[in-house]
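Engineer: Residues per chain, in single letters:
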Amino acid sequence: MKNHKVVASLEEAIRLSGLKDGMTVSFHHHLRNGDHVLNMVMEAIAQMGIHDLTVNASSLFDIHAPLLRHIENGVVTHLKTNYMSGGIGRAISAGILADPVEFRTHGGRPSDIELGRTPIDVAFIAAPTADPMGNCTGKYGKSACGSLGYAIPDAMNAQKVVVVTDNLAAYPLTDWSIPEIYVDYVVAVDAIGDPAGIVSGTTRITRDPVGLVMADRAAQVIRHSGLLKDGFSFQTGAGGASLAAAKYLRDIMLREKIHGSFGSGGITGYLVDMLNDGCFEALMDVQCFDLKAVESIRTNPRHHEISASHYASPSARSAVVDSLDVVILGATEIDTDFNVNVHTDSNGSIMGGSGGHSDTAAGAKLSMIIAPMFRARLPIITDRVKCISTPGRDIDVLVTQGGIAVNPKNQELLLRLKDAGLPVVDIHDLKEMVERTTGTPAPVREGGRVVANVIYRDGTLLDTIRSVPAK
Amino acid sequence: MRRSMLFIPGNTPNLLINGGFLGADALIFDLEDAVSPDEKDAARILVRNIMKFMDLRGCETIVRINSIDTDYWKADLEQILPQKPRWIMLPKTGCAADVLTADAEISRLEQRLGMEPNTVRLMPLIETALGVENAFAIASASKRVGAIFLGAEDLTADLRCKRTKGGAEIDYARSRMVMAARAAEVDVYDTPFTDVSDDEGIRADAEYAKSLGFTGKASISPRHVGVINEVFSPSRKDIEYAYEVMDAIRQAHEQGRGAIALHGKMIDAPIVARARQTIAMAEEMGVGKAVQHEES
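Chains as they are written, first to last, in my numbering: chain H, 549 to 1019; chain V, 18 to 313.
Any given hint could turn out to be false.
The calculated lysine to aspartate or glutamate pairs, modelled on EDC-like cross-linking and capped at a C-alpha distance of 16 angstroms, are [as the list claims (entries may be wrong)]: (1) H:Lys777 / H:Glu804; (2) H:Lys568 / H:Asp723; (3) H:Lys795 / V:Glu122; (4) V:Lys160 / V:Glu127; (5) H:Lys795 / V:Asp216; (6) V:Lys57 / V:Glu95; (7) V:Lys254 / V:Glu217; (8) H:Lys795 / V:Glu95; (9) V:Lys91 / V:Asp58.
Read the hints as simulated data drawn from the structure, not as lab findings.
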């Protein structure tokens, strides 16, 4: 082939991209905790002696722990991400990075990239299958991950785009997620990731009886919300109780012959089942969580891949989240004003991030938090969350095993649930109820340094996260 | 009011601390089948401490001790009685003598602990063919017996038949238990429905048990509690009718009439008794006055 874009090595692609000290590189997280690409690229960059980089990664997982070494060595000096798991989070909370991490949302990140607020110099796109001109997809190959939704804005807006694949296919790869028009270089490597960490074999509903009680209540809340009718749209996370709620919701929809319009977000086998059973007309998929979802997006034309912008960008003319009826979300903490924390644990250490939490909460007509009243010995309902990830104004209802607390701003829902005989309680009473069991925890000691800024989807600063003092 | 009784294994701290939040009228802390022999002592201590320190939010406490043919039951009672459980459930009760054996030990402990006699009530669990045949003798063996409870899993093993969802194999036992309990003037509880994911099955099973005369039903899944409570609660229509009956009675007394009719039907003593039970239950559920208020 004449003008193909395949280069011999990552080093070659980095050199050709013109990457220099002080620039920004980006990565997507579709390979999740099985991703090798971020580590391979950063190692190559470090070997080449480039310093002072900003890493803009849609999410970071514990497999990316080598990044901490690059931070210590000054290769990486700034981080922007939407989520980081506990291993990386602990180091950030301990203050490893001089400047605060910028946390965005899954919608805010592409919006800021597209608006030029967070320009990307070189995007490295891990691609389970690509052709020599850079047409690429996540649907095929040994490292298949399904949708490549989070990578699309990076590919469309970065100055240079490097596709890294372990399955170089013949041109033209017609079922592409990202077309060649955006791609500068293609690098073939042995493995872009470990399939065991990329997608779960299956995602499972919780077997915890308390989780099942909460899930049952969540499904009942949806049933009586007035939104569960033909045309219904729905999103849920991959947490065990949320998936159980989806299963119970499916049972209700099939029993009552309700035909919904779409399910969205991170897609699991449970939503695929709902699509196949006729609960939805379509799935709008920004990320696949399990093998069943990957198989479905590859084979079912009603299962659509969408970009992160299409999913949730607040500056898009419209996004999928704006058409959502109901979203089920989790929380590590929620306060009596319904503000939700999904960034830090009970000690204030970073162990998550908004992801699509505040995007879907802002867009959906009914935003539900499902969470146990306490975890281990700690209550999850507090006077004030340690970090506001999603503002309480966007949350409609909290479902716990001890009762259902409705945000007073949604009086219609409150009346509907009371009328249905569901166990509705004031969130202050719920907090008191929990503290009778757990006691009131002593306040957590915060460090003096700001280690992360939580940037709301519209680009404004929502909250800051402080360091966790060493014990 | 005891419509639902939820089994909680005595060796599951997470479930035990959540017990009060799961909507059941009564919690059965299980020291018997759910707990393996090497965990018996740990479970006993855990249940004791849960009863001592946790707010169970008004749930009645029932402790299923080990059966009297084991080495564990006396130690169970020693640990549990000081926490004043409302009930002790006695598994594998086969005859009146079993009840009397447990009764004597409980009486001894009550006396030692300075408790009023018969503070702790007994709920024999009938789960053998012998127990079913002796149901009335068991139910009337002691004043301490306040209810009997059918355990169908062990019973069907004893009967050498399969346990089915339809439950034809336990029809006789169910009817016999209800008859015995009502004759002895004690409550009677139906066996759990064991398929935790069959939402329609649990409702049908509970409705059938109610139709036979059971007071309520046990559950091994918190998910079944809501359905059981609903099935064993009087309906809005039942409550409205009960108030109408009581109003009609009052008016008849005021007017010095003997025979009372409502909607063209005579009201006799059993109808009045049922209306009283319904109103008492409605008021306990907190819906009695609401309905009455809406009517006025």
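Engineer: Each hint needs a verdict: does it hold in this structure or not?
Structural biologist: Results of checking the hints against the structure:
Distance check on the hinted pair: Lys777 (chain H) and Glu804 (chain H) sit about 9 angstroms apart at the alpha-carbon level, within 16 angstroms; holds. At roughly 34 angstroms between alpha-carbon atoms, Lys568 (chain H) and Asp723 (chain H) are farther apart than 16 angstroms, so this suggested pair is violated. With a CA separation close to 48 angstroms, the supplied pair Lys795 (chain H) and Glu122 (chain V) exceeds the 16 angstroms bound. Using a Cα cut-off of 16 angstroms, the hinted pair Lys160 (chain V) and Glu127 (chain V) holds, with the two alpha carbons roughly 15 angstroms apart.
A distance of roughly 12 angstroms separates the Cα atoms of Lys795 (chain H) and Asp216 (chain V); the hinted pair therefore holds under the 16 angstroms criterion. Straight-line distance between C-alpha atoms of Lys57 (chain V) and Glu95 (chain V) comes to about 13 angstroms, which keeps the hinted pair within the 16 angstroms bound. Between the alpha carbons of Lys254 (chain V) and Glu217 (chain V) the distance comes to roughly 23 angstroms, so the proposed pair goes past 16 angstroms and is violated. Restraint check for Lys795 (chain H) and Glu95 (chain V): not satisfied, since their Cα atoms lie roughly 44 angstroms apart, outside the 16 angstroms limit.
Restraint check for Lys91 (chain V) and Asp58 (chain V): the C-alpha separation of about 12 angstroms stays at or below 16 angstroms, so the hint holds.
In summary, the structure is inconsistent with hints 2, 3, 7 and 8 from the numbered list given earlier, while agreeing with the others.
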